[in-house]
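There are 2 protein chains.
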Amino acid sequence: MPNPTAAMLVIGDEILSGRTRDANMHYLAGQLTAHGIDLREVRVVPDQPAAIIGAVQALAAGFEWVFTSGGIGPTHDDITADCIARAFDVPINVRDDARQALERHYQTSGTVMNEARLRMARIPDGATLIDNPVSGAPGFSLGNVHVMAGVPAIFQAMVQSVLAQMDGGMPLTSQTLTIDRGEGDIAAALGRLAQEHPDLSFGSYPFQTTDGHFGTNVVIRGADPGQVAAAKTLLAGLVSE
Amino acid sequence: MPNPTAAMLVIGDEILSGRTRDANMHYLAGQLTAHGIDLREVRVVPDQPAAIIGAVQALAAGFEWVFTSGGIGPTHDDITADCIARAFDVPINVRDDARQALERHYQTSGTVMNEARLRMARIPDGATLIDNPVSGAPGFSLGNVHVMAGVPAIFQAMVQSVLAQMDGGMPLTSQTLTIDRGEGDIAAALGRLAQEHPDLSFGSYPFQTTDGHFGTNVVIRGADPGQVAAAKTLLAGLVSE
Chain A
1 MPNPTAAMLV IGDEILSGRT RDANMHYLAG QLTAHGIDLR EVRVVPDQPA AIIGAVQALA
61 AGFEWVFTSG GIGPTHDDIT ADCIARAFDV PINVRDDARQ ALERHYQTSG TVMNEARLRM
121 ARIPDGATLI DNPVSGAPGF SLGNVHVMAG VPAIFQAMVQ SVLAQMDGGM PLTSQTLTID
181 RGEGDIAAAL GRLAQEHPDL SFGSYPFQTT DGHFGTNVVI RGADPGQVAA AKTLLAGLVS
241 E
Chain B
1 MPNPTAAMLV IGDEILSGRT RDANMHYLAG QLTAHGIDLR EVRVVPDQPA AIIGAVQALA
61 AGFEWVFTSG GIGPTHDDIT ADCIARAFDV PINVRDDARQ ALERHYQTSG TVMNEARLRM
121 ARIPDGATLI DNPVSGAPGF SLGNVHVMAG VPAIFQAMVQ SVLAQMDGGM PLTSQTLTID
181 RGEGDIAAAL GRLAQEHPDL SFGSYPFQTT DGHFGTNVVI RGADPGQVAA AKTLLAGLVS
241 E
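If you read the protein sequences in the order shown, they are chains A and B.
Here the first sequence stands for residues 1 to 241, numbered as in this note's numbering.
Here the second sequence stands for residues 1 to 241, numbered as in this note's numbering.
If you are wondering where the hints come from, they were derived from the structure by calculation, not from laboratory data.
No experiment lies behind these values; they were computed from the predicted model shown.
Incorrect hints may have been included.
[Stated by the list, open to error] Listed next, the stretches of chain A that the computed footprint assigns to chain B, with coverage defined by at least 3 CB atoms under 8 Å from CB atoms of chain B:
#1 16 to 23
#2 42 to 50
#3 73 to 82
#4 85 to 91
#5 108 to 116
#6 202 to 210
[What the hints assert, rightly or not] Far from chain A by the CB rule (all over 10 Å, computed), these chain B residues:
#7 P2
#8 Q100
#9 A101
#10 D125
#11 S161
#12 D180
#13 A230
[Said to hold, decoys possible] Facing chain A, from chain B, some residues (calculated, C-beta under 10 Å):
#14 D47
#15 P49
#16 Y106
#17 A153
#18 A157
Think of the CB as a built atom: it goes at the ideal place given N, C-alpha and C, for glycine as much as any other residue.
Just chain A, same shape as in the assembly (with noise of 0.2 Å):
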């Protein structure tokens, strides 16, 4: 059986404007390939409206799993929950579970609850809360999408209580050959052997060193961890001639 496929929506204008560089997409692409989820694709989109109800939209459509990021707190700035609403056409509205987990939070950390943070506790109907165990206001998931917050902390939470309760697939094993010469020294090598294993995927990353000088790192994934270790040492055998 293949793996389930995934989608990520990184939702923000400060992503988009170089203000702040994502790095819930990397977090989130490491824990589902370890948890055997194919991450297929991602999508950074405005805070706006349309941008974001489409993307959502095209994404649940396409894939098993949509994990959004961003745009859930008290701000005037934060639509997400507003929009995941429209793009399932549900009704949105304060829920008395994700009030008191909020109110359970400010308790704690004496904040004082007001109508922006009561903002947080709007639900769209049918969605199932996702604990915040940092800042108390929950995410949700709905269909096939995970709303998650943008802040790293909260969100690698959010992403660690999701997957407790997801059916992963076969995680892929991963084998990486550095190799001391350029990517064109070894293609044709590299081809042949891809070829010759369609079980097998053979990804070819140039570096260049601080003198100038290319290698290249070829990464060998595949299922079954003694065939990736099988072609490691073929590769390794091939581009030493």
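Based on the hints, put chain B in the right spot on chain A.
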């Protein structure tokens, strides 16, 4: 006149598997903002023809400019140039000027031309070359799509040579006010200020200090530096009350 719009397409299994943390998106975002070009969407797709062709066509139709990163090397997984040719429905062949650019570089660096490296001189019909001062193999521009390498040093050099020839818009000024209070405390005042200043954008970015305390960075952006500065002063007054 509104600023030109742009999208970015990052091509590479290594980003989606979590093996590599993409660096090109953040670099391009900052450069485009400084140049007065609005980056409106980023997509990351795997090394698969259907995914690349579909994304190129969608982004080229939706935005004034598209910048791609990755997949133009000599190995079997470098399929970007072929996919761009198919997306625009034009032939692709080894082109003399591209081959000469490679040969000149290889003569200087003492690298041997071979069949795999010659693949990097395959350029879709009608494209203009983008110089690669690092490793010789050119990028290219076809229609409104600029196709560049994924290795960050090469990507950055190519972005610079593309931007030097593009007309930008009005770069936005931005000022950041760091506020020692959580987003929920300032959301109401900030929301009113945003409504009263439709020409400016107000982004709100929470952060957490190591002692668990929450603060907020508010980034105010606009074309008129005086208006941005005045709004920052106004906001500082409002949140200190």
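Broken hints, by number: 4, 15, 18
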